[in-house]
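Peer 1: From first to last, the protein sequence lines stand for chains Z and R. Here this note's numbering runs 39 ahead of the position in the first sequence, where the first position is 1. Here this note's numbering runs 45 ahead of the position in the second sequence, where the first position is 1.
Heads up, some of the hints might be wrong.
[Stated by the list, open to error] With a straight-line Cα cutoff of 20 Å, these simulated EDC-like cross-link-like pairs (lysine to aspartate or glutamate) come out:
1. Lys-452/Z - Glu-371/Z
2. Lys-72/Z - Glu-158/R
3. Lys-108/R - Glu-122/R
4. Lys-185/Z - Glu-145/Z
5. Lys-471/Z - Glu-158/R
6. Lys-471/Z - Asp-100/R
7. Lys-471/Z - Glu-371/Z
8. Lys-119/Z - Glu-62/Z
9. Lys-72/Z - Glu-142/Z
10. Lys-72/Z - Asp-141/Z
11. Lys-89/Z - Asp-157/Z
12. Lys-471/Z - Glu-104/R
13. Lys-89/Z - Glu-96/R
14. Lys-185/Z - Asp-175/Z
15. Lys-119/Z - Asp-157/Z
16. Lys-471/Z - Glu-409/Z
17. Lys-471/Z - Glu-96/R
18. Lys-41/Z - Glu-142/Z
19. Lys-471/Z - Glu-98/R
20. Lys-72/Z - Glu-206/R
21. Lys-123/R - Asp-419/Z
22. Lys-452/Z - Asp-419/Z
23. Lys-200/R - Glu-62/Z
24. Lys-452/Z - Glu-104/R
25. Lys-89/Z - Glu-167/R
26. Lys-471/Z - Glu-122/R
27. Lys-452/Z - Asp-100/R
28. Lys-89/Z - Glu-194/R
29. Lys-123/R - Glu-206/R
30. Lys-200/R - Asp-379/Z
31. Lys-452/Z - Glu-96/R
32. Lys-182/Z - Glu-145/Z
33. Lys-452/Z - Asp-365/Z
These are calculated hints, taken from the structure and not from any lab test. Predicted, not measured: the structure shown is a model, and the values here were computed from it.
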Amino acid sequence: MKTRIYIGTPSGPVQVERIWREEGIAESMVCLKRTTEIVPIGAGYDAFVKRPSGIIEREFGPFEAGAFRLELAASINQGKSWQLAVFAAHALARDGLLAGPDEAFERALWLTGQVDNDLKVGGVTQVPEKIHAALDELDALAKAGKQVVIYVPEENAQALAGASLPPAIEAHAVTTAANILDAIGTSSPPHAAATQTAGVDRSTAPAVDRHRHKRAALGFVFLILGAAVVAAGVILPGQLTEDKTVPPAAEAIQETPAAAEPEPAPEPEATSAAVAPAVAEVEPVAEVTPPPETAPADIASAPDISISEVHPTTGSGCPAVHFGADRGVTVEISATPAGDFTSAAAGDLCALEFTLAPAPGQPYMAAAIELLSGRYVANDPMPTALRGGQPISAPVTWRINLPLRMKAPFEYKMHLVSAAREIPGDIYRSLKIGDFTAADQSGLSITTAHHTVSP
Amino acid sequence: MNPKFDPSDRQTVENGRRLFGAFHRLEQLTSGDSPHGGRLSFARLYAYVRESETDADVEAALKDDASLRADYRRLVEKVSAPLIPLAIAADTGEVSVREGVGCRLHFVPSSAEPSQTYVIVEFTEQSSAPASTLFLCDQFDNCRKVPLEAARDGKVQLLLENSSDLLARLMDKDTEIRRGL
Numbered sequence: 040m041k042t043r044i045y046i047g048t049p050s051g052p053v054q055v056e057r058i059w060r061e062e063g064i065a066e067s068m069v070c071l072k073r074t075t076e077i078v079p080i081g082a083g084y085d086a087f088v089k090r091p092s093g094i095i096e097r098e099f100g101p102f103e104a105g106a107f108r109l110e111l112a113a114s115i116n117q118g119k120s121w122q123l124a125v126f127a128a129h130a131l132a133r134d135g136l137l138a139g140p141d142e143a144f145e146r147a148l149w150l151t152g153q154v155d156n157d158l159k160v161g162g163v164t165q166v167p168e169k170i171h172a173a174l175d176e177l178d179a180l181a182k183a184g185k186q187v188v189i190y191v192p193e194e195n196a197q198a199l200a201g202a203s204l205p206p207a208i209e210a211h212a213v214t215t216a217a218n219i220l221d222a223i224g225t226s227s228p229p230h231a232a233a234t235q236t237a238g239v240d241r242s243t244a245p246a247v248d249r250h251r252h253k254r255a256a257l258g259f260v261f262l263i264l265g266a267a268v269v270a271a272g273v274i275l276p277g278q279l280t281e282d283k284t285v286p287p288a289a290e291a292i293q294e295t296p297a298a299a300e301p302e303p304a305p306e307p308e309a310t311s312a313a314v315a316p317a318v319a320e321v322e323p324v325a326e327v328t329p330p331p332e333t334a335p336a337d338i339a340s341a342p343d344i345s346i347s348e349v350h351p352t353t354g355s356g357c358p359a360v361h362f363g364a365d366r367g368v369t370v371e372i373s374a375t376p377a378g379d380f381t382s383a384a385a386g387d388l389c390a391l392e393f394t395l396a397p398a399p400g401q402p403y404m405a406a407a408i409e410l411l412s413g414r415y416v417a418n419d420p421m422p423t424a425l426r427g428g429q430p431i432s433a434p435v436t437w438r439i440n441l442p443l444r445m446k447a448p449f450e451y452k453m454h455l456v457s458a459a460r461e462i463p464g465d466i467y468r469s470l471k472i473g474d475f476t477a478a479d480q481s482g483l484s485i486t487t488a489h490h491t492v493s494p
Numbered sequence: 046m047n048p049k050f051d052p053s054d055r056q057t058v059e060n061g062r063r064l065f066g067a068f069h070r071l072e073q074l075t076s077g078d079s080p081h082g083g084r085l086s087f088a089r090l091y092a093y094v095r096e097s098e099t100d101a102d103v104e105a106a107l108k109d110d111a112s113l114r115a116d117y118r119r120l121v122e123k124v125s126a127p128l129i130p131l132a133i134a135a136d137t138g139e140v141s142v143r144e145g146v147g148c149r150l151h152f153v154p155s156s157a158e159p160s161q162t163y164v165i166v167e168f169t170e171q172s173s174a175p176a177s178t179l180f181l182c183d184q185f186d187n188c189r190k191v192p193l194e195a196a197r198d199g200k201v202q203l204l205l206e207n208s209s210d211l212l213a214r215l216m217d218k219d220t221e222i223r224r225g226l
């Protein structure tokens, strides 16, 4: 059944429009529609896909060398709640059943949830808001005769109860991504299904087919060799017990890759499908109020900004400090009761030194200076560690120099964001102009220091 | 103890003159005020070169002012290193790889969208950290700045329209590609 996949976001459902295997590229990426605009979750998607830590290539592979291009109808800035929908989209794309924006379709699936390495579905934030933002569109699809199904993590089942869904929309809470495939009607366990002969999306078909052909050829060779061995009398026919039949060619073909490429062992646990229902129907409950969901970033403390004035040592001067001949004397300044920082240049304030520390458990930081008035000089560019792309384990210091003769106050805001994951470049860029929208929506921890240096 | 100044000591006077000159020039450079005539200040140009972000005002000024472009080009050469010098050029007309100093550029046509091309900047020397900025310089001192996303596994991947100026510059054998330091 041709199926549309929608990712739940607080801004509305985002359709997965296409998944394409691109040969020869280095990393999987997420594009806005068919454009060259890169969606910020691309780094997370690459990690979600790529072996050995990612699950898509492990579960649905093998594929040709290269990476995936996933196209979304709208941008998603941050988070991991897209993972369950993308997992389902890959399963459908493998079978040629993922419907694009202009294709006919019979069914629409709306999903939200994280998927871990064991394919367990983890809870996410803002599920009530996501459902609310999607209801009109999903209801319209249902009224148009499409089958509409919502999937949320079991941890967020309460959100379904309070969602007041129209009767035509099905809703399920799930505990594993593996079993969602049965629920949506794609074939059996995903990795094994890769050897089946169901229709395959042409974007992924070549690798699967080629691999299948190799295995078929290998199986055929084994059969010939087996027959030759029997014919040569090495194994006497009489040694074969009567109730054991010679395995059919198809089975031999399927067994061949198991020796060459061990399957990732799916490890059923006590709480898996056998014991707890993987897909749990949720009965509407009239008076359930979903508990407020708090992102981990909200729970952790915020990153820390310390500002120090740098004065010349005795007998030295600001030029020596600016050029590094004199490290100067640093004096940390404290915020006023109103929370602002103030300094007076008074002739011997040469530079400002920032010491920036991430919030606990959030090793990625992005910092930006929003200039409100005056000028400064960054002899040393902002450390790359403050651009959100690399984890740090210790506070980072950075200096900016002040003009030797200030004619107007130098006023700025230092914005510092920390996160548990890599911070997308667009969030870093938006910080520079004081735009916190993207960072706020992503649930990142933000600290801002407002500092005025008077002449 | 303060040093005594002897105006009759020509060496001391000369040193003083040079120091005052240097201080004066430093103040000019770091003041951030635009020089007379509305020309972009050195401080702003310097910040543009050193920061990975782009600045539309600076880029407009560079487009209009050949003298400023020349200053900018000199500045770029001081704060960057050759990545793909002019001397290294592809042999064939169809460029799919450009080899550089500690780096390699791959051009991979998209099979999903034939009007697009992936550019993979691969940093091959482990000793040098991946660049965060590229400068693409032509013979007319036009040095286009290209901020790069953080490298993953030593590679940065761009996706560009085939018709884009950036792709044309990256593939142009007459473009010198430099990396920000």
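Peer 1: Regarding the pair Lys-72/Z and Glu-158/R, is the alpha-carbon distance no greater than 20 Å?
Peer 2: Holds, at roughly 11 Å.
Peer 1: Going straight from one Cα to the other, do Lys-119/Z and Asp-157/Z come out at no more than 20 Å?
Peer 2: Measuring from Cα to Cα gives roughly 15 Å; hence the hint holds.
Peer 1: Take the C-alpha atoms of Lys-471/Z and Glu-122/R, compute the straight-line distance between them, and say whether it is at most 20 Å.
Peer 2: 26 Å, violated
Peer 1: Tell me if the straight-line CA distance from Lys-72/Z to Glu-142/Z falls inside 20 Å.
Peer 2: It holds: about 15 Å lies between the C-alpha atoms, which stays within 20 Å.
Peer 1: Can you confirm whether the C-alpha distance between Lys-452/Z and Asp-100/R stays at or below 20 Å?
Peer 2: Holds, at roughly 19 Å.
Peer 1: Between Lys-89/Z and Asp-157/Z, does the CA-CA distance stay at or below 20 Å?
Peer 2: This hinted pair holds, its Cα atoms lying about 15 Å apart.
Peer 1: Would the hint linking Lys-452/Z and Asp-419/Z be met if the CA-CA limit is 20 Å?
Peer 2: 19 Å, holds
Peer 1: For the pair supplied as a hint, Lys-182/Z and Glu-145/Z, confirm whether the alpha-carbon distance does not exceed 20 Å.
Peer 2: 12 Å, holds
Peer 1: Mind checking the alpha carbons of Lys-452/Z and Asp-365/Z for me, to see if they're no more than 20 Å apart?
Peer 2: 27 Å, violated
Peer 1: Is Lys-200/R within 20 Å of Asp-379/Z, Cα to Cα?
Peer 2: 41 Å, violated
Peer 1: Decide if the proposed pair is consistent with the structure: Lys-471/Z and Asp-100/R, CA atoms, cutoff 20 Å inclusive.
Peer 2: 12 Å, holds
Peer 1: Mind checking the alpha carbons of Lys-123/R and Asp-419/Z for me, to see if they're no more than 20 Å apart?
Peer 2: Holds: Lys-123/R and Asp-419/Z sit about 14 Å apart, inside 20 Å.
Of the numbered hints stated above, those contradicted by the structure are hints 5, 7, 8, 13, 24, 26, 29, 30 and 33, listed in ascending order.
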